[in-house]
Amino acid sequence: MARVSRAGRSAEPAVRFNHTLLQRARLDLDLTQEQVAASIGVDVRTYRRYESGAVNDPRLGFSVRSPSRRRIIERLGAELGLAEAELLVVEAEADAAPADRAAEEAGAASQAVEAPDEAGEALAGEERALAGAGRASDEEAGEKAPAGAPAPSQGAAPAWRPLHAHTLQRARHFVGRAEIVDRLAAWADGSPPCPRVIALLGVGGAGKTAIAERFLQGLGDAPRPGGVLVWSFYDDPRSEAFLDQAAAYFAPGAGASGLAAPRPQAAPGEQLARLKEALGQGPPHLLVLDGLETVQAEGGAGRAHGELHDALLRRLLCAIASGLGGARALVTSRFALADLSAWAEGGLATIRPEPLCEGDAASLLRRWGIRGDDGALGALFETTGGHALSVAVVGSYVGAFLGGDAGRLSAAQAAHLAEAEQDDVLARRLSSVLSAYARALPPGERDLLARLSVFPGGAGEEALLQLIRAGGEIAGAMAGWGAAELARGLARLERLGLVFAARPGERCYSTHPFVRQHFKSLLGVPPERVHAAGSAAPPRLDEAPRRAPREREAVDAYEAILTELLGAGRAGEAYEIYALALGGFAHLGLKLGDMARGARILRAFAGGDDPRGMPASLPARVRASLAYDAGLYAGALGDLAFACACYEAHNEIAGALADPAPIATGLRTLAYTERLRGDLTGARRLLERSAEIAGGAAGSARRAADQVHAVRALALLAAVLHDLGEVDAAGERFARLRALGDAPVARRALWEAEHALALGRRGEAREATERNIAECRRRGWEGHVAHGHTLLGLALLDGGEGGDGDVATAEAHLVEARRWAAATGEVEVALRCHELAARIALAAGRLDDGARQALEGLHVAEACGFGPFRARLAVVAARCALARGAGAAASATALADSSVAWAGEDAWARADALHWAGVARAAAARGEERARGRELLAEAAALRARLRHPGAGASREALAHLGG
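Per numbering that gives the first Met the number 0: the sequence shown ends with 963, consecutive numbering throughout.
Be aware that a few hints might be false.
With beta-carbon atoms standing in for the labels, derived distance ranges [to be verified]: (1) 731 <-> 191: 54 to 60 Å; (2) 606 <-> 884: 53 to 59 Å; (3) 778 <-> 900: 37 to 43 Å; (4) 297 <-> 567: 19 to 25 Å; (5) 441 <-> 191: 52 to 58 Å.
Keep in mind that the hints were calculated from the coordinates and are not lab data.
All C-beta atoms in this analysis are idealised placements derived from N, C-alpha and C, irrespective of residue type, glycine included.
Can you make the complete structure from the sequences, with help from the hints?
In structure tokens form, the structure reads like this:
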């Protein structure tokens with residue numbers, strides 16, 4: 000029967016709800032109508048209308064335009080293992096099933112036939128039922144806006160729709176924890192948020208994710224004044240993917256209509272900056288980050304326990320904890336947030352859910368259908384220790400396989416559950432329950448759960464069908480299953496609480512990490528073979544393009560096969576993928592700027608956080624190069640401490656090689672990183688050793704390649720000597736390099752230009768840097784080009800203390816430098832851009848902008864351990880405060896004093912810090928402050944004179960003004 004339009008013309012075929020299939024699926028699963036209704040969040044009367052076919056209008060069919068009906072269809076499919084295409088059929092398909100058609104008409108005749116107005120009332124009833132389950136309907140919330148965008152709003156404030164990038168595992172039955180959920184609800188609506196970050200910490204299975212999911216249920220899906228982004232690192236541990244999604248959601252851009260419009264995908268270096276800018280604008284945005292322990296360190300190898308692997312994610316959470324507009328974050332993890340320890344007194348609060356009490360545990364067991372008196376339930380409670388997941392799994396097991404009789408859990412089983420008294424007692428108890436479960440499950444469902452456990456981010460039905468089609472030991476007991484059997488198996492496991500839908504809008508399933516770990520051990524086949532059989536075919540190495548790929552999808556595919564090869568113990572082939580197909584650091588880092596991905600790949604090679612753990616099957620030179628690349632990625636991301644640990648691991652391996660070049664390079668790069676950290680004496684020792692190994696400078700009898708390494712070590716040594724204030728020694732070494740015929744290019748030329756600029760030779764510095772930029776651009780060394788532009792920008796500003804200069808041209812150089820920082824996120828260049836931007840704003844009189852740029856850079860330098868940059872940026876911030884007048888003198892004094900402390904061994908940073916600390920105190924009215932100002936200025940004048948600093952005269956004048 001074709002649908003008839005109001006105008007009497009034939010329209011598209013009507014859609015019919017397949018109620019007979021719904022009834023069969025329910026009966027196959029041995030469920031009552033009440034149980035299904037409760038599981039999908041509607042009352043039983045509404046459910047019965049679906050199973051009876053009353054929702055099908057004899058003339059118009061089944062309307063799916065209502066968002067509430069769409070949601071019911073999705074939930075029915077998830078609960079009963081049915082596809083939408085099976086539940087919604089067009090009339091043409093229905094005509095092929097006259098029996099079903101007759102049954103439908105009979106069912107419809109036995110109900111009150113829905114006229115159009117009555118149908119609208121029925122839909123309203125369904126929406127009320129869903130709203131009663133804690134979800135606002137889409138019709139109540141308005142028409143759907145673009146994903147992640149603020150919804151249209153009639154008020155002044157925009158309304159944001161929550162975005163669930165991943166679906167958190169929902170506890171099938173939730174009891175207790177009301178105090179925590181209420182606290183989170185009040186915190187989410189508080190303004191300003193206090194604290195700004197809440198961490199739900201506890202052992203696996205303690206109920207952290209269930210609490211977060213329950214809290215989100217309470218928030219609902221209706222538009223809010225601020226955005227809500229839900230991300231599970233269990234499902235996707237890629238920090239760059241999270242940052243990309245967060246930037247696209249919170250900073251979508253604006254179209255001509257004023258509504259949100261998509262922005263181009265952020266470059267790696269722009270992700271964090273764009274996200275922080277959006278979060279800092281004030282709305283009460285909320286990030287919910289589940290499973291953070293997957294991107295945290297377990298401790299050792301230079302990493303603190305709980306330290307975040309990714310520097311960008313670390314900087315984001317630190318920024319939120321310190322205050323970023325109205326933004327707040329809820330985190331679940333097994334590990335404490337070591338990176339946020341500085342905010343433990345205000346910006347961070349930790350909640351550790353207690354084990355379930357006996358009353359709550361008994362309530363949970365009864366909800367799973369367990370029968371028994373308080374004594375029997377109390378005995379079950381004792382076997383679990385109140386561990387939330389253990390209680391749930393015991394309840395599910397007894398309810399499903401022991402007829403709900405608590406007394407049938409054998410004394411031997413109970414004793415086994417309660418046997419341990421060690422730290423891992425809860426894990427051991429849960430493992431025992433899961434072992435019993437594995438024995439009780441039908442073989443097909445047990446093997447389905449074991450194979451699903453191979454995919455940490457979840458697996459879709461098609462991937463699981465691929466495993467079944469593979470047959471043999473890959474399919475296991477699922478061999479011969481079709482789509483219907485698979486859907487029913489998944490639905491049953493979901494009803495038992497063992498799996499859950501992992502992604503919104505997709506038929507993708509996952510399971511709790513504890514459950515995953517246990518059932519994965521039951522595979523009986525190498526997990527990498529199962530993973531490979533269920534994954535899309537990755538590119539083959541022999542089909543790799545001549546040039547390393549730039550498209551994210553291709554890079555993702557190569558990373559996937561590399562990870563599988565490592566899991567299979569084929570480290571040599573994995574290295575070929577990294578070095579040849581992905582191009583190593585030269586392509587992945589320097590051209591794509593994908594530093595976070597590179598760091599993750601190298602961590603996979605090492606099998607954790609220790610760069611010394613590179614596969615022993617690889618040659619020593621390859622292991623050394625991998626550790627070295629790990630340091631390059633870490634250094635670019637601003638993780639200087641870990642970068643040093645990587646270079647030290649490289650040097651340990653390279654020290655045993657016959658070729659001196661790798662160890663000479665490793666020592667020099669380690670020295671470069673120590674210089675960034677502010678350990679100038681340590682850097683000097685390393686460089687002297689590097690030069691010695693490489694054969695010294697002039698007259699070396701070694702090969703030309705070793706001479707190159709000696710020259711590079713000498714150039715960096717000259718820069719370190721300059722920092723230490725040994726100006727003449729630095730100049731002598733730069734002159735020696737020229738005498739050796741070394742052409743100044745790249746960093747070697749940049750360091751000499753910085754030396755000249757510091758001494759006031761601005762013209763010389765500019766000319767050398769312009770030549771260097773041209774040569775580096777010709778060679779494709781864009782990182783050095785960016786560094787050169789920041790140097791030219793500083794050279795164009797007045798070298799004195801007045802702050803004038805060619806501001807417009809300096810700003811043009813800043814734009815050029817920021818291109819590289821945006822493309823790669825390299826922290827050193829980003830800090831140089833912050834310093835130049837702050838200096839430009841100061842020169843132009845934009846004091847607020849100058850202070851903002853300086854303080855933003857200061858926070859980055861502090862989080863990443865860039866010591867000298869902290870001092871220099873604090874000086875600029877102090878100068879901006881002083882320029883505001885006497886009212887900001889206290890702030891200027893505090894910043895200048897901090898810069899003195901942070902300058903460390905850097906003589907130039909110390910000289911400037913002393914000068915401005917003295918000037919700040921000179922502005923004070925109190926005599927003791929002015930006396931201290933004279934002391935500081937006297938020390939600054941003496942140090943600047945020794946350095947031949949262009950500002951030495953300004954220090955003497957300021958001192959004379961104070962009568963010193």
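Right, here's what the structure says about each hint:
{"no.": "1", "hint": "731 <-> 191: 54 to 60 Å", "result": "56 Å, holds"}
{"no.": "2", "hint": "606 <-> 884: 53 to 59 Å", "result": "58 Å, holds"}
{"no.": "3", "hint": "778 <-> 900: 37 to 43 Å", "result": "40 Å, holds"}
{"no.": "4", "hint": "297 <-> 567: 19 to 25 Å", "result": "24 Å, holds"}
{"no.": "5", "hint": "441 <-> 191: 52 to 58 Å", "result": "54 Å, holds"}
The structure shown violates none of the earlier numbered hints.
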